[in-house]
Each structure stands twice: as structure tokens, then as C-alpha cells.
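Protein sequence lines, in the order shown, are assigned to chains A and B. In case it helps, this note's numbering puts the first sequence at residues 1 to 222. In case it helps, this note's numbering puts the second sequence at residues 1001 to 1343.
In case anyone wonders, no lab produced these hints; they're calculated from the structure. Heads up, a few of these hints could be off.
To be verified - Quick list of in silico lysine to aspartate or glutamate cross-link-like pairs, EDC-like style, CA-CA up to 20 angstroms:
1) Lys-43/A to Glu-1047/B
2) Lys-122/A to Glu-1047/B
3) Lys-1124/B to Asp-121/A
4) Lys-1127/B to Asp-121/A
5) Lys-1055/B to Asp-1022/B
6) Lys-1048/B to Glu-218/A
7) Lys-1274/B to Asp-1299/B
8) Lys-43/A to Asp-1050/B
9) Lys-137/A to Asp-1101/B
10) Lys-141/A to Asp-1122/B
11) Lys-1071/B to Asp-50/A
12) Lys-141/A to Glu-1094/B
13) Lys-1066/B to Asp-1003/B
14) Lys-141/A to Asp-1101/B
15) Lys-137/A to Glu-1094/B
16) Lys-1274/B to Glu-1337/B
17) Lys-122/A to Asp-1101/B
Claimed, not checked - Derived Cβ-Cβ restraints for the label pairs, each shown as a range:
18) Pro-60/A to Lys-1055/B: 37 to 43 angstroms
19) Tyr-83/A to Lys-1127/B: 30 to 36 angstroms
20) Pro-149/A to Glu-1116/B: 29 to 35 angstroms
21) His-7/A to Glu-1094/B: 56 to 62 angstroms
22) Glu-1094/B to Gly-178/A: 49 to 55 angstroms
23) Asp-121/A to Lys-1213/B: 34 to 40 angstroms
24) Pro-149/A to Arg-1193/B: 41 to 47 angstroms
25) Leu-1162/B to Leu-17/A: 38 to 44 angstroms
The beta-carbon is built from N, C-alpha and C at its ideal position, and this holds for glycine as well.
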Amino acid sequence: MSNVLAHLDWSPFFITLKIGLLSTIICFFLGVGLAYVSLYMNKRVMAVFDSILTLPMVLPPTVMGFFLLLIFSRRRPVGIFLYSNFQIKIVQSFAGCVIAAFIIAFPLMYKNAKSAFLQLDKNLIYAGRTLGLSELKIFFKIVCPIASPSLFSGAILSFARAIGEYGATSMLAGNISGKTATISQQIAILVQNQKYLEAGIWVSIVLFIAFLIMLLMEYIQR
Amino acid sequence: MLDINIKKKLNNFTLNIECKLDSNRIGILGGSGAGKSMILKMLAGIEKPDRGYIKLDNTLLFDSDKKIDIKPQGRHIGYCFQNYALFPHLSVYENIVIGLDTNNRAEVDEFLEKFELTKIRDSKPNKISGGQAARVAMARILIRKPEILLFDEAFSALDIYLRDHIQEEIADVLSGFKGSAIFVSHSRDEIYRLCDSMMVIDSGKISNLGKTKDIFKNPGTKTSAILTGCKNISDIRYISENIIEATQWGVRFEFSYKLPKDVTAIGIRAHEFKPVWGEEKGNIIKFNLKSTAKLPFEDNYYLNTDGDGDITWLVQKDIKEKIDKKGLPDLLQIDEENILLLR
């Protein structure tokens, strides 16, 4: 056991953490922004918009991975464009991990932000307007602080989802040791190779992180 | 001064309000869902009319033809919301100064003092009483020196004692306020007390418009009669030019003049009945006592007549004493000028 621990490659832990943080940051700003913008849409447009944005929540991650491959493959327009102009490679890269995790985790952030905004007493926004506050000031000084518990729990849930992502990540970014190998991919590989002890160590780590996250959620929602 | 002509399609009906009132203390009375709050929101620029124009105190705030639609931020309107809409995450002090420029806060302490809020200046809205919340809302509005004040059912959540007290404070504030103040309410007392002109709204349309006292004296329509507090209303049929029968009560009323042809109902306010012992004269009602409700300073008598409908008779102190002495009256008499003719 101690031998196994001593020789354990910790890179999946840091890769996973980095993916989680980066994708959560993107989820947070985009989720909050789009949820707020969607409030100004008419009802039918909003329904379509919401459905599209939350689709990854119900689709199998491999299906999302398939679409992401279609978009970012270097044989396709977007992939060609990104590579020839910016030297950016999404497929089989760390950026691919972040994008896959972001797409899968995004609906959780969006849904939380949206329901927080919908629950907000509209009169507070109206009061802000009649008190002469600009729309920007209303958003930052009234809407966001009041919605903040839901926004934070949305961010935490997306982080949890992002670090657990497997399907879309493995399709888009692959499992390159030290580069795109996340904890969940590592566990799968280790089990395949019948290295149950190492897999067990990673499982314990994931369990511990998940427990911490749920504890944090309880604390925020209290 | 209010000069509006607005149309807006709502879920159940189309709001269609056209009126011009020179008064600057205006009440809007209406049942729930009649569209009265929507009118106020359109005046404030929170909701947009489909068509028309809004002119308040000679400022054109909205005109669909001229493509004018001043933002709520630019209308200089103070809007008092039903539950005050205080920002829950900000202290009393922060709620009051949020609408002020940072370099313009000299008066804040004075306002806190005036509205008796100094002691709770750092409290959050959920830690203060309803009366204090009402005063924070007023301070927050008035410190910005608005040109127009709108009150949307502002005091309906307060208990009677507090409401009376706050209304007194509002009356005091208004006595020094030059601009228009418009009150939306379902409380007839509030409108009677604070507004010299009023309109009654029913399903998005004006059913009465005029001086408050006149409308209370002669509501003209069934809706207005009910909203102004008339408890007894019956449909009628004509017996002759000057005799009608109240069909719900099975009682005939004779008038000394020719009645207009378009009367469809009559109303009698609950306190207008006069008890008669013995001799009958004028318009009288025979009744059986169904039940009574004892209130602190008056009694409600619910009476059966020949018809299906009940009559409510409000018995005040002096009559109560007479009934205690002489027993129930034989008949109730009603003067013809106290019979409201409704259309």
C-alpha cells in the first residue's frame, strides 16, 4: 500500500482540479449572464433558448462528445479555423477537457441562476428603476447580492459535475497521461488493468471531495 | 394633474383608460384584478401601454404616436410599492441612500430623524416592524425629491391602528407636496381621506370619474356602490314612473319624482335605515331578524325580507340604546334621498 502511494502519479488530481476551476469560472459568468439576458426574451423564445442550453443535462455525455468532435475536429471548419489562425488544438488537448467539462456542467449553473432570477421579487427591480438606478447598478447591487446563495450553489454543483465528467471528455480530449487524464478516466483505466488498489485510492479521494462539496452546499443553503 | 389615454391588452381584458383630472390628489378604486395597479405601473414607466399617451403635471411621459417613452429612471416619480419593496440585503440606511448621488447625502440624517428611523438605521428590513418599513419606504422615496408620488396599495398590509397612523403621516407629507399624488387602493377609507378626485375601475375601464365626495354620495353603478362600501344592493323592476320594486327584497319604494328610465338596481347603505316603532310612513321595509353580529361600537343586524336577499342594517350607538329600551323596531324606514339609483 505505502509502496503504491509513494509511486502514485498525482497529475490526474491537479488536471482535474484545474479543469474544474476553469470550467466553473466560464460556467459562472456565462450562466449568470445568459440567464439574466433570457429574462428579457418573450416566453416562446425563452422556452426554446432554455431547452437548448439545458440539453446537455439530459443527453448522454457521449452524444455531447460526438457533437463536440464534429465541431472541433481539425478536419472541420471551426477546428481548421482555430488551428490555422491561433494554433489552438481542442481535440486531444487540455482545452478539450475544459470545453467538455464546461458544456456538461453548464446547465446546472444556468438552471440555478435562472430560478434565482425568476424567484426574485420583480418589484425590487421596479423599485430600483423608479429610484433612478441604472440597469447595470440594479444587476450588480440588487439582483446579484440577493440571488448570491443560488448562484454559489449553482457554481458548486457545476464544479462537482465538471470534476466528475467522463464521457464527453474521453471522446473529445482522450486520456493522455499528464495532459488530459482526469481522475475519472484514471479510475476507468486502472480498473481495466485490474489495479484495484490504486483505483480505490482515487475513489476515496473523489468520495472525500464530493462529501466536502455537499457539506459546503448545506452550509450555503442554511 | 393627470391626462391619460392608454390602451393595453392584458390576459383577461383590454385596459382602456381615458381621463383628464385637474386635481392633484387622485384615488383609483377598484376590485382585485381590475387593472388599477397596471395603470400605476404604466404611469411610472415600469409597464408600457400598447397605445396612447400619458401626461402628468404637464410633462409628456409617454406618447406612442410621437415615439416618446421616458425611462422610469427619468420620470422623477416616487413609487410606493404594496410591500414597500425594500432591498432585503441592505440596511435601512443603505436602502434610503441607494437612490442618491454619493455627494448628496447631507440630508440623510435629517430624514432618518424625521421618520423616526435613527435607532434602526443599521437594521435589515426583515428585522423592522411594518410601520417602520412603511416609513423607510417613504423616506427612500421622498429624499430623492420626486415630482409625483404613486402609492400602490401602500398600507394594506398594516393593521388598522398603524394604517390610520401612517395615513395621518402621509396626509402631513402631502400637505407640503406640490406635485400630483395618486393612490391605488381597494380601501375606500384611504381614498376618501386622502384624495379629492377619484376614478373607479372595473375590468380595465373607468366606471366613475369625478370628485371623491360626489362619487361616494352617488356612485351611479353597482360596482362603484359595492366598492364605496354599499352593503345592500338589489335589482329592480318598474311598477310605475315613480314606483319601483326591489326584486331581491320584495319591497316597493315610492319616489316623489319621476324616476329616470335607465335605473337597473338600487343600493341602500347599511347605516341609512331608520327604526320605526308603531306608525308607518314613507318607504318602509318589513323584516324578520335573521342574526346579529355584535361589533365593539356598533351591531350588524342581518334581516330577512319578503324576497330572497338579506339586508344588512348597521346599528350605531344611539339606536342600540333605543332598541335596548323598546325592543326590536316594527319596521325600517328609508328616506328617498338615501336610496342610491344604480345603472
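Hint by hint, here is what the structure shows:
no.	hint	verdict
1	Lys-43/A to Glu-1047/B	holds (17 angstroms)
2	Lys-122/A to Glu-1047/B	holds (12 angstroms)
3	Lys-1124/B to Asp-121/A	holds (17 angstroms)
4	Lys-1127/B to Asp-121/A	holds (18 angstroms)
5	Lys-1055/B to Asp-1022/B	holds (12 angstroms)
6	Lys-1048/B to Glu-218/A	violated (42 angstroms)
7	Lys-1274/B to Asp-1299/B	holds (14 angstroms)
8	Lys-43/A to Asp-1050/B	holds (18 angstroms)
9	Lys-137/A to Asp-1101/B	holds (13 angstroms)
10	Lys-141/A to Asp-1122/B	holds (18 angstroms)
11	Lys-1071/B to Asp-50/A	violated (29 angstroms)
12	Lys-141/A to Glu-1094/B	holds (11 angstroms)
13	Lys-1066/B to Asp-1003/B	holds (16 angstroms)
14	Lys-141/A to Asp-1101/B	holds (15 angstroms)
15	Lys-137/A to Glu-1094/B	holds (14 angstroms)
16	Lys-1274/B to Glu-1337/B	holds (13 angstroms)
17	Lys-122/A to Asp-1101/B	violated (24 angstroms)
18	Pro-60/A to Lys-1055/B: 37 to 43 angstroms	violated (60 angstroms)
19	Tyr-83/A to Lys-1127/B: 30 to 36 angstroms	violated (59 angstroms)
20	Pro-149/A to Glu-1116/B: 29 to 35 angstroms	holds (32 angstroms)
21	His-7/A to Glu-1094/B: 56 to 62 angstroms	holds (57 angstroms)
22	Glu-1094/B to Gly-178/A: 49 to 55 angstroms	holds (51 angstroms)
23	Asp-121/A to Lys-1213/B: 34 to 40 angstroms	holds (37 angstroms)
24	Pro-149/A to Arg-1193/B: 41 to 47 angstroms	holds (42 angstroms)
25	Leu-1162/B to Leu-17/A: 38 to 44 angstroms	violated (56 angstroms)
In this structure, the earlier hints numbered 6, 11, 17, 18, 19 and 25 are contradicted, and the remaining ones agree with it.
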